[in-house]
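**Student:** Take a look at the letters that make up each chain.
Number of protein chains: 2
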Amino acid sequence: MPIERNAEHTRARILEAAQEEIYENGYQGMRIETILQKTQLAKGALYYHFPNKLALGYAVVDEILLEHVKANWSEFSSKYPNPLTAIQQLFLWKADVYKNEIHFKGCPLNNLNQEMASIDKGFHERLEKIMATIHGSIFAALEQGQQQGLVRKDINPGKIAMFIMASYQGIIGAAKCMQAPQLLADLFGTLNEYIDTLRTPA
Amino acid sequence: MPIERNAEHTRARILEAAQEEIYENGYQGMRIETILQKTQLAKGALYYHFPNKLALGYAVVDEILLEHVKANWSEFSSKYPNPLTAIQQLFLWKADVYKNEIHFKGCPLNNLNQEMASIDKGFHERLEKIMATIHGSIFAALEQGQQQGLVRKDINPGKIAMFIMASYQGIIGAAKCMQAPQLLADLFGTLNEYIDTLRTPA
DNA sequence: TTTTAAACCGACCACATGGTCGGTAGGCAT
DNA sequence: ATGCCTACCGACCATGTGGTCGGTTTAAAA
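Just so you know, the protein sequences line up as chains A and B, in that order. Note that the numbering used here has the first sequence beginning at 22, numbered continuously upward. Note that the numbering used here has the second sequence beginning at 22, numbered continuously upward.
Hints may contain errors.
In this list, chains with the same sequence are indistinguishable; a pair is considered to hold if it fits within one copy or across any two.
[As the list claims (entries may be wrong)] Cross-link-like lysine-lysine pairs, in silico, DSSO-like; alpha carbons within 27 Å at most:
| # | residue 1 | residue 2 |
| --- | --- | --- |
| 1 | Lys142 | Lys120 |
| 2 | Lys100 | Lys59 |
| 3 | Lys142 | Lys115 |
| 4 | Lys91 | Lys115 |
| 5 | Lys115 | Lys64 |
| 6 | Lys180 | Lys100 |
| 7 | Lys180 | Lys120 |
| 8 | Lys180 | Lys91 |
| 9 | Lys115 | Lys74 |
| 10 | Lys59 | Lys180 |
| 11 | Lys91 | Lys64 |
| 12 | Lys59 | Lys150 |
| 13 | Lys64 | Lys100 |
| 14 | Lys142 | Lys126 |
| 15 | Lys115 | Lys180 |
| 16 | Lys150 | Lys115 |
| 17 | Lys100 | Lys74 |
| 18 | Lys59 | Lys126 |
| 19 | Lys91 | Lys74 |
Don't read these hints as lab results, they were simulated from the structure.
Could you put together the complete structure from these sequences and hints?
**Tutor:** And the structure:
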């Protein structure tokens, strides 16, 4: 069974393997040799699709992480009309997904951010763009909630959106550091209690 | 002016240089060559004091980071008798310290945690120990506050302590990712508002 | 069928990097 | 002064790693 000779597909496989490697070892810990092993490709193939290691790393951010975030968010914001509820449900879902992870590796986006944002400018620019996207989504949700009378009007949507995003990252990070994804339920629970205080009092 | 031949001092210089390197490039990005350059030592000196790179990394955690955290905390908890206020002041101080950083590199402890906790067991164990120390401090502060009637008695000190710690990390991380330490004031401000809700109502 | 270019192969290279080891100098006890 | 051990030197090694390049295969056009 010869592996299909399809450029797009090959490129996608490389990206996927690279994403996995970065997720497990960080960008600096990712080895192209390992990617070749995982994809059963030769070096020439990889360097045909990507000029160098850095470009591959960038591509993972642009084509995998960004899309993943967008998909995630749009799913929940369309499922739950109340924006605060959408955010809370997203958190609970994350807690549930990672609950039984044997080896919890955290959030791919946050990991890369922590590792590379202050080291490499290219990564920083790309990752900041994603962060801005997320922040913009939460911000818009809060503002929309205010207009609909669902969210208190005495809060600053920009600041609160940033805080929620930061707490989310922190929670994932803490659970990762402690290697204890079962903490996520409690932590997101506490965060969700805080989010409840943003609702318009009944 | 011959550099003093003092084993303890030399070892300390190596550790300091290593800490800086890790802070700037992560453990995986730290290079022995750079440390030798910074300390003006030869390779033999470094490998006389440390058996290998990993041991050096571990030593940085045990002898630099842990001590730094302990010193930080004890300073503020002794300066402010109200535990909640001590925590809040510590945050505001951090925001102020980093405010004008040109190239904000985040929190050394959090950085290493994010990078190595899920990769290397030795790092994980050591870093978790520090996290547990911090958590224990906040936990004790909250419990003590409850006994003194300063902190609401309907909250779970363990969970809240974990949440505060996670949020702290997240805030530092977010500011790092955005390369915007001026965000810290707002973010810690929001966190402190949350902490205010933990006080016993007047 | 022949041609052509995209897609892929894999041996090879340059060099960075962690680590070794025989040697040397400083300082302290005798 | 002499011996001796700690502290340090720096050339050298083994290996890992990103990257190159001439060549080969596949698929579709001519």
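**Student:** Each hint needs a verdict: does it hold in this structure or not?
**Tutor:** Outcome of the hint check:
1. Lys142 <-> Lys120: Answer is between; shortest inter-copy Cα gap is 20 Å, intra-copy 34 Å.
2. Lys100 <-> Lys59: neither (36 Å within a copy, 55 Å between copies)
3. Lys142 <-> Lys115: between (30 Å within a copy, 25 Å between copies)
4. Lys91 <-> Lys115: within (15 Å within a copy, 33 Å between copies)
5. Lys115 <-> Lys64: neither (36 Å within a copy, 47 Å between copies)
6. Lys180 <-> Lys100: Answer is within: at 25 Å inside a copy they meet the 27 Å cutoff, but 29 Å across does not.
7. Lys180 <-> Lys120: between (30 Å within a copy, 17 Å between copies)
8. Lys180 <-> Lys91: within (21 Å within a copy, 31 Å between copies)
9. Lys115 <-> Lys74: Answer is neither: 31 Å inside a copy and 36 Å across each miss the 27 Å cutoff.
10. Lys59 <-> Lys180: neither (43 Å within a copy, 41 Å between copies)
11. Lys91 <-> Lys64: For Lys91 and Lys64, neither the intra-copy (32 Å) nor the inter-copy (49 Å) Cα distance is at most 27 Å.
12. Lys59 <-> Lys150: Neither way: Lys59 and Lys150 sit 30 Å apart in one copy and 35 Å across, limit 27 Å.
13. Lys64 <-> Lys100: The answer is neither: 44 Å in one copy and 60 Å across copies each exceed 27 Å.
14. Lys142 <-> Lys126: both (24 Å within a copy, 13 Å between copies)
15. Lys115 <-> Lys180: both (23 Å within a copy, 18 Å between copies)
16. Lys150 <-> Lys115: Result: close both inside a copy and across copies, 22 Å intra and 26 Å inter.
17. Lys100 <-> Lys74: neither (38 Å within a copy, 50 Å between copies)
18. Lys59 <-> Lys126: Answer is within: at 19 Å inside a copy they meet the 27 Å cutoff, but 33 Å across does not.
19. Lys91 <-> Lys74: within (25 Å within a copy, 40 Å between copies)
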